[in-house]
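Just so you know, the protein sequences line up as chains W and H, in that order.
Heads up: the first sequence at position 12 corresponds to 12 in my numbering, and the numbers run straight through without jumps.
Heads up: the second sequence at position 98 corresponds to 98 in my numbering, and the numbers run straight through without jumps.
These are calculated hints, taken from the structure and not from any lab test.
Predicted, not measured: the structure shown is a model, and the values here were computed from it.
Hints should not be assumed to be uniformly reliable.
[Said to hold, decoys possible] Sample of chain W residues facing chain H (criterion: CB under 7 Å; computed from the structure):
hint, residue
1, Ser42
2, Leu43
3, Asp64
4, Phe66
5, Glu105
6, Leu106
7, Gly111
Beta carbons are placed, not taken as given, at the ideal position from N, Cα and C, and that holds for glycine.
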Amino acid sequence: SAVISQKPSRDICQRGTSLTIQCQVDSQVTMMFWYRQQPGQSLTLIATANQGSEATYESGFVIDKFPISRPNLTFSTLTVSNMSPEDSSIYLCSVVGGRVLNTGELFFGEGSRLTVL
Amino acid sequence: AQSVAQPEDQVNVAEGNPLTVKCTYSVSGNPYLFWYVQYPNRGLQFLLKYITGDNLVKGSYGFEAEFNKSQTSFHLKKPSALVSDSALYFCAVRDASNFGNEKLTFGTGTRLTIIP
């Protein structure tokens, strides 16, 4: 299994500001995924971050709002830009375990709980 | 397209009784199916998965799940519930034919409460 560390674990932010979430994995991984879990909701995939290429965003998410960096095989950041109260969510970093990407389960970090006032 | 349905938002079970958390799925090809658990203020923890082979898969903490292709279901079960099983449970699916796209689609979650 992979050990994933996320920072910050929680934060309270002001409307209009931006916050960068860091995700560190204890092993090299090809793909990293960023999910959002809004209060009382399920998980929604924001984007897939591959090392050395642009992130791939899901429908409804754009790079200007959620820029992602992937400088190496163990680290990624997600920035939530120009925040509004609707961005209050838990943001989760995840990676696929095992040697076969398609059949491997996802391992998740503890999440970053953002509250936007 | 792939989707997951968890028809019950809330399931209450008395401690010691068997529990079932329901999940149905829809994929174009063959499914890869997963169950996750989320405790309060924590990330998701992997419980078990079905890829191929035996329809009954066993996972962590005494949980098991049965894959039923004809009913497109993957219900989570445990013979005897513990109070510590109280948590939020998510079913998830990936289409096996989507090579190069490891996107996992999650259900809306079922809150399981075990009553002492």
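How the hints compare with the structure:
1. Ser42: Because about 5 Å separates W/Ser42 from the closest Cβ in chain H, which is inside the 7 Å limit, the hint holds.
2. Leu43: OK, holds: W/Leu43 within 7 Å of chain H, min 4 Å.
3. Asp64: violated (22 Å)
4. Phe66: violated (16 Å)
5. Glu105: Cβ of W/Glu105 sits 5 Å from chain H, so the hint holds.
6. Leu106: The hint holds - W/Leu106 has a Cβ within 7 Å of chain H, the shortest such distance being about 6 Å.
7. Gly111: Because about 5 Å separates W/Gly111 from the closest Cβ in chain H, which is inside the 7 Å limit, the hint holds.
Hint violations for this structure: numbers 3 and 4, all remaining hints satisfied.
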